[in-house]
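Visitor: Please take these sequences and the hints and turn them into a complete structure.
Protein chains: 4
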Amino acid sequence: MKTYAKILLVAAALSLMSLPASAGKVVTDSLRSSALGKYVKCNVYLPDGFNAQGKTFPVIYLLHGLTDTYTAWMEKGNMKPVVDELITSGESLPVVIVMPDAGGPNPVDTWNGYFNVPGRNYEDFFFQELIPWAESKYKAGGSKGRRAIMGLSMGGGGSTVYCQRHPDMFSSCFAMSAWLDEDMTGQKPSKEGDRLYAVRKSVHEHSALDFIENADQATLEKLRSLAWFIDCGDDDFLLDLNVKFYQLMRDKKVPAQLRVRNGIHNWEYWHYSIRTALPYASRNFTL
Amino acid sequence: MKTYAKILLVAAALSLMSLPASAGKVVTDSLRSSALGKYVKCNVYLPDGFNAQGKTFPVIYLLHGLTDTYTAWMEKGNMKPVVDELITSGESLPVVIVMPDAGGPNPVDTWNGYFNVPGRNYEDFFFQELIPWAESKYKAGGSKGRRAIMGLSMGGGGSTVYCQRHPDMFSSCFAMSAWLDEDMTGQKPSKEGDRLYAVRKSVHEHSALDFIENADQATLEKLRSLAWFIDCGDDDFLLDLNVKFYQLMRDKKVPAQLRVRNGIHNWEYWHYSIRTALPYASRNFTL
Amino acid sequence: MKTYAKILLVAAALSLMSLPASAGKVVTDSLRSSALGKYVKCNVYLPDGFNAQGKTFPVIYLLHGLTDTYTAWMEKGNMKPVVDELITSGESLPVVIVMPDAGGPNPVDTWNGYFNVPGRNYEDFFFQELIPWAESKYKAGGSKGRRAIMGLSMGGGGSTVYCQRHPDMFSSCFAMSAWLDEDMTGQKPSKEGDRLYAVRKSVHEHSALDFIENADQATLEKLRSLAWFIDCGDDDFLLDLNVKFYQLMRDKKVPAQLRVRNGIHNWEYWHYSIRTALPYASRNFTL
Amino acid sequence: MKTYAKILLVAAALSLMSLPASAGKVVTDSLRSSALGKYVKCNVYLPDGFNAQGKTFPVIYLLHGLTDTYTAWMEKGNMKPVVDELITSGESLPVVIVMPDAGGPNPVDTWNGYFNVPGRNYEDFFFQELIPWAESKYKAGGSKGRRAIMGLSMGGGGSTVYCQRHPDMFSSCFAMSAWLDEDMTGQKPSKEGDRLYAVRKSVHEHSALDFIENADQATLEKLRSLAWFIDCGDDDFLLDLNVKFYQLMRDKKVPAQLRVRNGIHNWEYWHYSIRTALPYASRNFTL
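Residue numbers (our numbering), protein chains in the order written: chain A, 1 to 287; chain B, 1 to 287; chain C, 1 to 287; chain D, 1 to 287.
By construction, these hints were calculated from the structure, which means they are not laboratory data. Every clue listed holds true.
Taking lysine-lysine pairs in the DSSO-like style, the calculated list, with each CA pair at most 27 Å apart, reads:
| no. | chain 1 | residue 1 | chain 2 | residue 2 |
| --- | --- | --- | --- | --- |
| 1 | A | Lys-253 | D | Lys-80 |
| 2 | A | Lys-252 | C | Lys-244 |
| 3 | D | Lys-25 | C | Lys-76 |
In this text the structure is predicted, and so the values were computed from the model without any measurement.
Guide: See below:
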């Protein structure tokens, strides 16, 4: 062998090989919610350089889907290496990412969803409790220009509807394979207290498509103050709803991006979506 | 809501949402090796439509890295949804993918590596036992034009050196973050029977860089019968070796592709590499 | 300066710098058409290694849009460096690409279009004269498995409808921003012999959407023998037609790919489309 | 045909089809240079919404290569539709892009280059005349955080060396296939006043590799205040110089990005590079 193999020793290299130049950390936290009457858990990504006494960062709320919990983006979506890499390369700004709990398995018996329903005021919790708590504790966000929201499926719908109803709160919305409406024709609860029925009904009643169709000019003008991105796989069972929503936005002259990539309603698709979503949110912050 | 929401019922959709149009399966199998004196496990990806009595498929050997095992590509690399998706979209041919075991954790005490070393004739096992067994049992491959090899790190080096030493066996070689050589200057075993020392020494003795530098014209001509692809992250500690190998190939007029993407020596990089590697192998089969 | 700058001399480098490893050439040719009663020009891309006495290649028909001519893909679409690069890297097979003339500027007075209309039997020309002539003269294609078709706008519609009407002739169809139907409600010719009116009417009468909606099971089964790819920009005025066509194909269980990328109805979009289209056609040849 | 074809009329569509939502314009301008003793032309991209009395934009200097002129990025590189598209989608900020003249064909007789040489003080012109003039006239830039530089080949080298020598002036540097050094061993002018010899000699004397190798700690610290991106094709004759420069930067702990994509030293490569370069510059502005 010539002199060209000045590589690190293997033993050393192995211990270092998963450390990018910018490695954040994910912590698990929880807060007491009066609106929900319980503690709510969340994972929080803290970028390299985060220090509770130090400088502030913009914030992203990253929402999970039906039957999942606050751990889904970390454990199933494997978001951390992607975020580390995008921050290292400069494609994303260093950000704090808040991943709150809004669901769980067995959705007939477990509450899922981002909207207020009788017995569970999740939207109140999100805006009145989670945002103030997270942005104070983690020195992040603080204004529309420094706050973005994104999510998948039920969380894509949640992101979209939150931005429709609170357009002064977010600078951008990135909806992945979003659950934007639901056909309740002929549907009934499977039993008393069917919580899956409740979340489906709330999605129907918060239809993102109805909202844009019925919006008046003042509302539309507010929607134009956000950057909107719709991303859905060509074989996703929610494709048609997402395309329809894009067409309604276009017809109402609210600028939005649409991308249809190869894929279905799965983590392979969403893992890749965050590669697009983080730079998009970064670009649309006004710091 | 208007009439546009003709989506599937959520309950049904949830059960279907992870099924792409073409969903293969991964089986775990094992074979008795005389060369190694033990059973060797492997995972095998079987494409949708596979049937032991049915038609044959081309075959890809997909090799893992140091301290990993035959499960790594499935469990850490999450290869299945990528392969399913690429076959569904037509970017990859339907293929059988063989992922044999060649290592394990604690490499000082556990054998790792793809080359023959005193006491462990892995290369003999691979060519004399694994290939005939796998291609017969799974009705796959059978000739150079229907066989490709790829791998990461130690498995990228293994793929490369196998193709150098057996150029009549493979139609293409895709090396990810490949361990192509090792500087043994001043190195000593940490104890008697140090198997990490042994694998490092074998990588040094099978230097892919030395091989290409010393190859005669007849050998070079054989190397030109394969398609070569070198893929390494810009922050990978093995970048320099990979670039140097590419430059030597170029200087010897053996056509090869080089790609440097953003990234380090981790699964995030390799998970994405297979998106490029499978179409590349597919394209270079001669069926 | 140290010894690392062993680069080529600038003067030499400049003369070489636009030559990829595999550089094809584009020739202009023409054939006498009885169906059209005139000579028809076409550009033909011949891959590196092409030799009229030598081996045969698969063939791709690459169709231009309204108001353009046989030179458009070469001069406006700048297809040659992309094709050279894809063949060099192995992403595309070496192919012969036939780019026939089907239009011209000032479409009210100049014939445009790919279908038979009174006074201009272009489809007859294409199948009875162009294909036999091109594949014989350029030793290419010769069967469904070695023939693909693709095009943009009017040429995307032409490709799609040709594949609907002649499914035994092509292995794949790649439609870019395709003009798949036209609303003729209340439309009238602007003058006697308005050829723009004629092409619009012919697009309406050859509606790709009507075709798939009305296809019987035997026809659908034939359509499943091709690989279909639909690619359209999110800001393209033809987006809705393309999405609708994809939805109809899906509902009829004819597998197809849909991609919506960022962009409008322009050459920037189509220049990039051929990067996807050539590997897709290559993959779907059965040689 | 059913009711789904509510597309625009073709005639109207044709006239609109090349207009993205955000369409800037490129103007040709010139300024009198005392340093060069002549007028120097430049093209300037002005984003949608530009108004000489209105708000200010960040600025990018986009440099051409040897034997080209200020028109090259517009005419050969076709930069406008890419920039329009990236601004429309929000991937790039709205920016003013200044493309000054620094060369011409027949380089033995025509001055080319970005450095001061006897008889042509281009670097003086650039920093003392061009920047103040452009940023005042076009209400752009004005500080390091609002100014980026990028270029190809000779212009990639110019960008790199300008950032080495004026690190307080730019927030990011994007070098495409950069000419970073030149081997003058045994080289002589082809005739008296050989201007190609002069530019090659000046590239050698401004070696970006020597600069980084010889930089002291204070200089290195200043280099760390910029974002650096090196992008070069695997078949480019300048690949080795670019990789070597990246390795030197890494060894000196100046963070930089390296990408090697498929390609050679041609406009196909650079046309795609600006898709990466503009978002990168945008992300690294501090507004």
